[in-house]
Structure formats: structure tokens, C-alpha cells
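Listed below, chain by chain, are the residues.
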Amino acid sequence: GAGVSQSPRYKVAKRGQDVALRCDPISGHVSLFWYQQALGQGPEFLTYFQNEAQLDKSGLPSDRFFAERPEGSVSTLKIQRTQQEDSAVYLCASSKRARDGELFFGEGSRLTVL
Amino acid sequence: AQSVTQLDSQVPVFEEAPVELRCNYSSSVSVYLFWYVQYPNQGLQLLLKYLSGSTLVKGINGFEAEFNKSQTSFHLRKPSVHISDTAEYFCAVSHSGAGSYQLTFGKGTKLSVIP
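Residue numbers (the working numbering), protein chains in the order written: chain S, 14 to 127; chain G, 455 to 569.
Isolated chain S (complex conformation):
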């Protein structure tokens, strides 16, 4: 498709379950970002890839969070042993160039942990 595609759009998990969220960026976009948006808050940076290299993971809140982009295209954000505080919308964005701020966002994956 023409835009950034994320799946699933909605995910309900029981506390302690592992979840995987997928992002399919715009074709040809070398930069890929994950952001977390809690209810009533703005998006917060999680991690950044340039092609398959994860250049910055400073925003990942704990070692339960793991992201990968093995072939420089599709990316997966994995959350192990989910906790209630992980409930949020997870946004994926891609861009041709990382530095000019023109990110193209997907619609997000809303995670609810019960």
C-alpha cells in the first residue's frame, strides 16, 4: 500500500503474555521509528532504525521491549511479559531521511493489558 501499515490495530493481552506488533513502512523509506502514546499524552520515542541497523533504542522503557527490522523493511516490536502500564497506542513511522522530521505515521496498534 501507499502508507505505513500496522497490525494488529487492536490487541488485548492478559498480564504476563507476550505480544508482537508489526509495522510495514513505505517502500524505499530507510528510516523507521517506533513511538508509544499513552492515553492523553503525546507520542514518546522508543527506537530508531536505519535500514536493518537499530541506531537508537534509548526510549525503550525496559528490557521487556525488543524491536527488530532484520531485512531493512518490515519491523516488529515485541513486548514480553506485558504489564498494565504497557497499555498504550504504539505508533510506527517511516521516512526517507531521518533528520528533516517528515515522518509518515501508521494508524497505530492499540494495546490493552488486562
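Please keep in mind that the hints were generated in silico from the structure rather than gathered at the bench. Note that CB positions come from ideal geometry on N, CA and C, so glycine has one too. Each hint should be verified, as a subset may be incorrect.
Claimed, not checked - In silico BS3-like cross-links for lysine-lysine, where the CA-CA straight-line distance does not exceed 27 Å:
{"hint": "1", "chain 1": "S", "residue 1": "Lys24", "chain 2": "S", "residue 2": "Lys70"}
{"hint": "2", "chain 1": "S", "residue 1": "Lys24", "chain 2": "G", "residue 2": "Lys532"}
{"hint": "3", "chain 1": "G", "residue 1": "Lys561", "chain 2": "S", "residue 2": "Lys91"}
{"hint": "4", "chain 1": "G", "residue 1": "Lys503", "chain 2": "S", "residue 2": "Lys24"}
{"hint": "5", "chain 1": "S", "residue 1": "Lys109", "chain 2": "S", "residue 2": "Lys91"}
What the hints assert, rightly or not - Stretch-level coverage of chain S by chain G, calculated; a stretch enters the list once three of its residues show a Cβ under 8 Å from a Cβ in chain G:
{"hint": "6", "stretch": "49–55"}
{"hint": "7", "stretch": "94–101"}
{"hint": "8", "stretch": "114–120"}
Add chain G to chain S, keeping to what the hints say.
Only chain G this time, still in chain S's reference frame:
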């Protein structure tokens, strides 16, 4: 580190009236500034950006913003709003040096246009 403050969480305005959405930032280094818009059930979309040059920047859908370095502000304006402008607006900042890919967002302002 930088931060962004959007002073108004909700702004109701009548159709065809002007609107200003306020954004202030804090940073110890030079910054790039952005406004993103999120329409209902859609992803965030870039509205406009300031990287350098003229402090008045024009974006899509008739919006404009002015970078004021002395007041550390980047307020968004539109002279006459339409129903279709109803959305949530996010101001964001990045620093202009290494690591400038990382955006820091404000909490957002929900603009409701009243017919």
C-alpha cells in the same frame, strides 16, 4: 534534552473564525519545530515544519506558524477554520545536531470546530 508545552488541551472555535494553537518549547540547543495533525481514525500527518530561514512557515490546509526564538514559541494559526479542521494537533521539537531524528511531542490540542 528538550520539552514541549501545549497550553490548551482543548480549543472550541466556531466555523470561519480564526484560531491559534499555542506551543512553547524548551531546549538548550538550536531546534527544528513541527506541527503534526491527527484526524479521527488516522495516523499523524505533518502539517508544517521550521528547519531554518524565514520564521513564518506555511503548511497544508491554510495553516501557518511563526517561530519566535526569544519567546521560544511556535504557535499555529489559521485565519478561518472549517469543520474539516476538527482534529488533534501536536507540536514537536528536535534538536538540529546529532540525534535530530528524535522528536519530542507535546500532549496535543484537540480543536473542535462548531458549525
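Hint by hint, here is what the structure shows:
1. S/Lys24 x S/Lys70: Distance ~23 Å between S/Lys24 and S/Lys70 Cα, so the pair holds.
2. S/Lys24 x G/Lys532: violated, 37 Å
3. G/Lys561 x S/Lys91: It holds: about 25 Å lies between the C-alpha atoms, which stays within 27 Å.
4. G/Lys503 x S/Lys24: This hinted pair is violated, its Cα atoms lying about 33 Å apart.
5. S/Lys109 x S/Lys91: Cα-Cα ~24 Å, so holds.
6. 49–55: holds (count 3)
7. 94–101: violated (count 0)
8. 114–120: holds (count 7)
Against the hints set out earlier in the document, violations occur for numbers 2, 4, 7.
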